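Engineer: Here the sequence shown stands for residues 1 to 133, numbered as in the working numbering.
To be clear, the hints were calculated from the coordinates, so they are not data collected in a lab. Incorrect hints may have been included.
To be verified - Keeping only pairs whose Cα atoms sit at most 20 Å apart, straight-line, the calculated DMTMM-like set for lysine to aspartate or glutamate is:
hint, residue 1, residue 2
1, K7, E19
2, K117, D127
3, K56, E76
4, K117, E76
5, K7, E51
6, K117, D94
7, K117, E130
8, K56, E34
9, K56, E46
10, K7, E46
11, K56, E14
12, K56, D94
What the hints assert, rightly or not - Label-pair restraints from in silico Cβ distances:
hint, residue 1, residue 2, range
13, R113, E19, 19 to 25 Å
14, D22, E74, 16 to 22 Å
15, R93, D121, 17 to 23 Å
16, S88, E51, 19 to 25 Å
17, G27, R84, 20 to 26 Å
18, R93, D29, 38 to 44 Å
The structure displayed is predicted, hence computed values, not measured ones. Glycine included, C-beta positions come from ideal geometry on N, C-alpha and C.
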Amino acid sequence: MSEMYDKGLQNRREVLGAEYVDRAIDGADSFNAEFQRILTAYCWGEIWSGEGIDRKQRSLNNLCMTAATGRGHEFELHFRGAIRNGVSLAALRDTLMQIAIYCGMPAGVESFRIARKVFEDLGLDPDADESLR
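Full structure from sequences and hints, please.
Structural biologist: So this is what it looks like as structure tokens:
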């Protein structure tokens, strides 16, 4: 493959988790294999390798965009990724509050609901877990 694909694969695995990414790529067939290649090379290779903003900011941007477009599954993936990228609880909370104001309360409700699910799935307690600070 290309250098950008390899960089994208590395970024994608680091942010979303190797298990999830490998399952998506290994599950590709003749219909969607090209999509997986383009997604990995351009989205994760080109965009996620840019030097203008760091991964934390990219994660927060993705949370806003996926919430605004009603993409709950992608929001959940990127909320997990934001935690992996070291985004603080305060930054996550403020981003979800901004989503609620700018995208509407239903988007905010859904975002907080998904966040709670992710915390539970990961065994994190936002009231006590120092890794979220």
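Engineer: Compare the structure with each hint and give your call.
Structural biologist: Comparing the hints with the structure gives:
Between the alpha carbons of K7 and E19 the distance comes to roughly 17 Å, so the proposed pair stays at or under 20 Å and holds. The suggested pairing of K117 with D127 holds, with an alpha-carbon distance near 15 Å, which does not exceed 20 Å. Under the criterion of a C-alpha separation no larger than 20 Å, the hint pairing K56 with E76 is consistent with the structure, at around 15 Å. Between K117 and E76 the CA atoms are separated by roughly 9 Å; this keeps the pair inside 20 Å, and the hint holds.
Between K7 and E51, the direct Cα distance comes to roughly 14 Å. Compliance with the 20 Å bound is thereby established for this hinted pair. Between the alpha carbons of K117 and D94 the distance comes to roughly 18 Å, so the proposed pair stays at or under 20 Å and holds. A C-alpha spacing of about 18 Å is found between K117 and E130, which places the hinted pair at or below 20 Å, so the restraint holds. A hinted pair counts as satisfied when its Cα atoms are at most 20 Å apart, and K56 with E34 does not qualify at roughly 28 Å.
For the proposed pair K56 and E46, the alpha carbon gap of about 17 Å is at most 20 Å, so the pair holds. Proximity of K7 to E46 is assessed by CA-CA distance (about 8 Å); at most 20 Å being required, the pair is judged to hold. Straight-line distance between C-alpha atoms of K56 and E14 comes to about 13 Å, which keeps the hinted pair within the 20 Å bound. A C-alpha spacing of about 14 Å is found between K56 and D94, which places the hinted pair at or below 20 Å, so the restraint holds.
The hinted range of 19 to 25 Å is satisfied by R113 and E19, whose Cβ atoms lie roughly 24 Å apart. Between D22 and E74 the CB atoms are about 18 Å apart, so this pair conforms to the stated range of 16 to 22 Å. A C-beta distance of roughly 18 Å is found between R93 and D121, which places it inside the suggested range of 17 to 23 Å. For S88 and E51, the Cβ-Cβ distance of about 22 Å falls inside the hinted range of 19 to 25 Å, so the restraint holds.
In this structure the supplied range 20 to 26 Å holds for G27 paired with R84, their Cβ-Cβ distance being about 22 Å. In this structure the supplied range 38 to 44 Å holds for R93 paired with D29, their Cβ-Cβ distance being about 40 Å.
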